[in-house]
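Work out the full structure: start from the sequences and follow the hints.
Just so you know, the sequences run in chain order D and X. So for the first sequence, this note's numbering puts the first residue at 1; every next one is plus one. So for the second sequence, this note's numbering puts the first residue at 1; every next one is plus one.
Misleading hints may appear alongside valid ones.
Computed footprint of chain X on chain D, listed as stretches where at least three residues anywhere in the stretch have a Cβ under 8 Å from a Cβ of chain X [what the hints assert, rightly or not]:
hint	segment
1	75-85
2	103-116
3	133-145
4	363-376
If we take Cβ atoms under 8 Å as the criterion, some of the chain X residues that face chain D in the derived model are [claimed, not checked]:
hint	residue
5	L190
6	I256
7	L283
8	F321
9	M322
10	M328
11	V334
12	I370
Since the hints were derived computationally from the structure, they do not count as laboratory data. All of these numbers come straight from a predicted model, not from anything done at the bench. For every residue, glycine included, the Cβ atom is placed at its ideal position computed from N, Cα and C.
So the chains spell out like this:
2 protein chains.
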Amino acid sequence: MEKRTIDQSYVKYVKQLLEQQSNENITSLLHSMYAQDIAELLDKVQSDEARLLMSMVEKDKIIKVLVEMEENVRESFLSAYSPKDIADEFIQNMDSDDAAYILNQLPVKEKEDVIASLTDIAYASSLLSLLSYEEHTAGSLMAVELVKANVEWTVGQCVEEIRRQAENVDPIYVVYVVDYYERLLGIITLKNLILANPDLPLANVYNKEVISVSTSTDSEEIANLFKKYDLVVLPVVNALGQLAGRITVDDVVEVIKEEAKEDYQLMSGITEDVDATDKVWVLSRARLPWLLIGLLGGIASSRFIEVYENEIQIHPEMAFFMPLIAAMGGNAGVQSSAIVVQGLANNTLGTKNIVPKILKELRVAFLNGIICSVLLFGYNLLFSDSYDLSITVSTALFSVIIFASVLGTFIPLLLDKMKIDPAIATGPFITTINDLLGLAIYFTVGHLLYNVI
Amino acid sequence: MEKRTIDQSYVKYVKQLLEQQSNENITSLLHSMYAQDIAELLDKVQSDEARLLMSMVEKDKIIKVLVEMEENVRESFLSAYSPKDIADEFIQNMDSDDAAYILNQLPVKEKEDVIASLTDIAYASSLLSLLSYEEHTAGSLMAVELVKANVEWTVGQCVEEIRRQAENVDPIYVVYVVDYYERLLGIITLKNLILANPDLPLANVYNKEVISVSTSTDSEEIANLFKKYDLVVLPVVNALGQLAGRITVDDVVEVIKEEAKEDYQLMSGITEDVDATDKVWVLSRARLPWLLIGLLGGIASSRFIEVYENEIQIHPEMAFFMPLIAAMGGNAGVQSSAIVVQGLANNTLGTKNIVPKILKELRVAFLNGIICSVLLFGYNLLFSDSYDLSITVSTALFSVIIFASVLGTFIPLLLDKMKIDPAIATGPFITTINDLLGLAIYFTVGHLLYNVI
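Below is the structure:
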């Protein structure tokens, strides 16, 4: 097999082969492709073409392709099969975590029908228990396929067990050592199994130091464990300490990718998981909410400025710096929030003791506020005639940076305490609040100073 | 060993132990901790305390701690050692990728002295070649430690080789099969080695299908390969196809993490890699550039609005909607850029054919622009007296959303073509340009309409 780049010209080439009905060429092409590349190809052709292509993929590759393809392509593909066929041809031969993933995307009725049609009752029952775990927990990420060995066995017996399980579990990575009650005691790596004398008792050679999580552990915490301890596979135990399954690094890479994408999209004001290749109305729908929030904020600020209509007529120069003040409030606020959000996500920042964090942020804001205000004051002194305006604008700028930074630090910490994703603090809602806050400070300062000076 | 959360109270507890000089307690505590947790602890104490703690860590754990700790803590720790000692006590016993990573952070002179002091000349020379690869390439990420087997060996000979190499390579994952000239032919997993008859020739059992990269492959491309093909380890070959090293998934997780962080920070206008726990002036320095760009943009917009001073005096209501227009331009632009930047990073978007992408974006912008403008028009008709103003504001809003979206799509694509990181398009520079653009459109439209109507 060869890895390929599925670009437009490749898709065009395959479509041509389909038109020419040169099935032999297509079959040998699909044979030479990785399942991931086939899945990517299927995402980029029409659904009837996708079904045709799938019918030419080899039996044992189809399952892998099915797991890798986009949800809507899979949905359309599976709709041609009865629950019994889905059970026999696909689910039966899949790893349990992949099967649970696909079953979870089916309508409830169909999902139950598929599970009921499985002939392997033990497998069906472990699927049912996997499906019962909440999303974003270890239980929902793990697979039940693993190789375990009783601590009372010898190394040789353990190798025998691998031979017995070899077909079901791939890759193996490590063998889990359990006691009579299936409680996790430790691990032994394949390397150590190869190196150890087959007659030795397992109890003498296994490693008791093993990091494990419980079925209810949150996926973000799991991702942090993989990152911190450089893990490749992580055992999951139930409340009794019994081995329930294992999570492999590829699933965690997926979690890390999704999390980063989520934070990024929240920050850029996109409310759904969209790709540049999605349909126009999907893209539009994902982006409209922020635009509407921005619109509301803009309308609110227009009402606010209206109050100062007379002042603007007397001092139209006040209007000149409105965009500057609003923009700087937004910028300073987003910077503060972003640093807190990242600190929370990477676990480098505790949520205890909010006060010292805000005090630190105050010092950063004070420093940057002073620098920016002094620069702006210098500029205004040189290039504008109004001393009053220079004072007003710089005072307002300084206050805005301070307020926006404190708010930007406080709000994600507060959201996190309230168990809400703090990343929304970097999104549209807060930017809009900071815009408004900036203008309020600006006009209040202006009003006070112009009347005082 | 037990995994631990290194929070403030834990740090406080360790500091108390240090004050009480209860070295026995500290030694047994350090013994029970993972190297990663010790490194995290060292990052959070004073540098003299860190040095004291390090002196109590077991010999074989010290190396791992050294790799995991923050650069500045390591720098201060290593400064107490001579190049000869650094070579003998640390570098000599490290995996080559970790050694290269640490050597790269030393001053050039010291780096050379350390390498020259190594007694193992073969190892020193492979370090030298690792250090010669450019940053962010496969060569700079790989380790030379791996287990390889000649294709003419038997399975049993291959297991013997593992026994010989076991101490140097951990974990092993797979054995690489090479020909007489050390050219990579394929792989065999440990599982298959265990299952195969020791007398079989390796040539009969190894897997010829292996994904590999060259030493010059970019780290982002490598991360995408790991994500797409669910890899755990990836062999690296030189220009002759000879096996040069291997990259493991933990290093790639690091790359993925860093990339996501970089994009996130660029978007939030933070120019350096900073954490919430960094010093005030570091945080200030990382954030000032965006604030200054925002300041410049604000000053530019003030000059621009000044041109329309008379119009504002006659129609102060024009000022009311300035923040709305500027904010909406910024929002629409960032959304478009974010989607393109993600598409480029995940390789789901080609850089060829810019025109259809902009046309698609135009359709999204058209849809969202119409919805927002009509809503705003409705609001203004209901709540403001001026029909002229309602027309002006909605026309300007529509134009701004269109222009900002097209610019937001075009600029990251252009940057990518110019081999500049497209993520800067989501940052301060573009937001500021969009702010300015918005105001320009607003006043131009207003000027035209007020004079026409």
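Hints versus structure:
1. Counting residues of the segment 75-85 of chain D whose C-beta sits closer than 8 Å to any C-beta of chain X gives 0, which falls short of three, so the coverage hint is violated.
2. Counting residues of the segment 103-116 of chain D whose beta carbon lies closer than 8 Å to any beta carbon of chain X gives 0, which falls below the threshold of three, so the coverage claim is violated.
3. Look at the segment 133-145 of chain D against chain X: 0 of its residues bring a Cβ nearer than 8 Å to a Cβ of that chain, fewer than three, so the hint is violated.
4. Check result for the segment 363-376 of chain D against chain X: holds, 8 residues qualifying (beta carbon to beta carbon below 8 Å, three or more required).
5. Interface hint at L190/X: satisfied, since its Cβ lies 4 Å from the closest Cβ of chain D, which is below the 8 Å cut-off.
6. Hint on I256/X holds. Least Cβ distance to chain D is approximately 6 Å, under the 8 Å limit.
7. A hinted interface residue such as L283/X counts as satisfied when its beta carbon comes closer than 8 Å to some beta carbon of chain D; here the least separation is about 5 Å, so the hint holds.
8. Restraint check, F321/X versus chain D: the minimum CB separation of about 5 Å is within 8 Å; hint holds.
9. Look at M322/X: its Cβ gets to within about 6 Å of chain D, closer than 8 Å, so that hint holds up.
10. With a least beta-carbon distance of about 5 Å to chain D, the hint placing M328/X at the interface is held under the 8 Å criterion.
11. Hint status for V334/X: holds, given a least beta-carbon distance of 5 Å to chain D, under 8 Å.
12. At a threshold of 8 Å, the smallest CB-CB gap from I370/X to chain D is about 10 Å, leaving the interface hint violated.
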